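Student: All chains should be modelled from the sequences, with the hints used to inform the complete structure.
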Amino acid sequence: MNELVRQQFGANAERYVRSAVHARGQSLERMIALAKPQPHWLALDVASGGGHSALAIARRTRRVVALDITGPMLKAARAFAREQGVDHISWMQGDGQFLPFATAIFDLVTCRVALHHFSDPPAAIRAWARALKPGGRLVLVDNVGPDDRAANAYVNAFEALRDPSHGWMHPLATLVDFVKQAGLRVTHVERLIKPMDFAAWMDRMNVDAETREHLEEMLRSSRGPAREFLNPQGRPPFMTFDLHEGVVAAEA
Amino acid sequence: MAISPDLLEILRCPVCVREADDAGLLTLTKDVWLVCQTCERKYPIRDDIPVMLIEEGDRWRNTPVDELPETPPEPVV
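Residue numbers (our numbering), protein chains in the order written: chain A, 1 to 252; chain B, 253 to 329.
Derived, one-sided and incomplete: chain B residues facing chain A with beta-carbon distance under 7 angstroms: (1) I262; (2) D273; (3) P302.
These are computed hints drawn from the structure, not numbers from a lab.
The structure presented is a predicted model; accordingly, all values stated were derived computationally and were not measured.
C-beta atoms are modelled at their ideal positions from N, C-alpha and C, and glycine is treated no differently.
Tutor: Written out as structure tokens, the structure reads:
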């Protein structure tokens, strides 16, 4: 899985860093509002990707450590941050499931739209909980799937067809359970529904023509709870579907 | 210096820190290598980015410190 993530995001690093969806998503605003970063804080952004969360937090804190498994992504994100005049982010290559940090040192840990790539999400969240100071805050944002098991499998297959490094989206309630099981106290849960431009969504991962047809067919032929969840609208080439993001805030 | 002292203070070997809270302290060597004091895995700093991946640490574990390259080579993909 890690190798797939590196291939997929290494090849598409620049596109992700420049992505308007990731830079200005509603979930980023919600994450910052819930994290309430303080100027003296040391923050960790796990699976930082294009560095959009790290950048937003860095504008409010003394130092942010941005960790990502993909080297080219880190370099692209660092260049982008420097363009913005931000130089107090420490960029680091590492696996969000095996954090290379001392215990109880961060005031804030964030992870936005990445947990579904992880092979063992509960283990990852336990590692983040260990890195948090007592009273430290976690804000986790991730794409979530429908509660219905079969519908969730369908929506995950749809996502995996577009991005082979896609692991598994869990229902929001499952994410909340993972956080609780890591020994954290959940303080806030919400769901954001984001209509996605179907073509732009595929463009970001450089999807080939044949796969585009498959994806379109999957969207068109979805039924029942999967269709209710995806909520496809419009006709090719101007189609949208709904992406659901779960936001979970917790304290150590 | 490829890494600031305050960052070095919070960084740990990702393998050893899971075993015990005080394990996995790192020593900066040749300005571009982080050597675990517990297990001797060695993590390169490439282009000012510490590469704290376990497979990288494993790759250099048996290389004596004085034989580590002055410039860490790119990873074998």
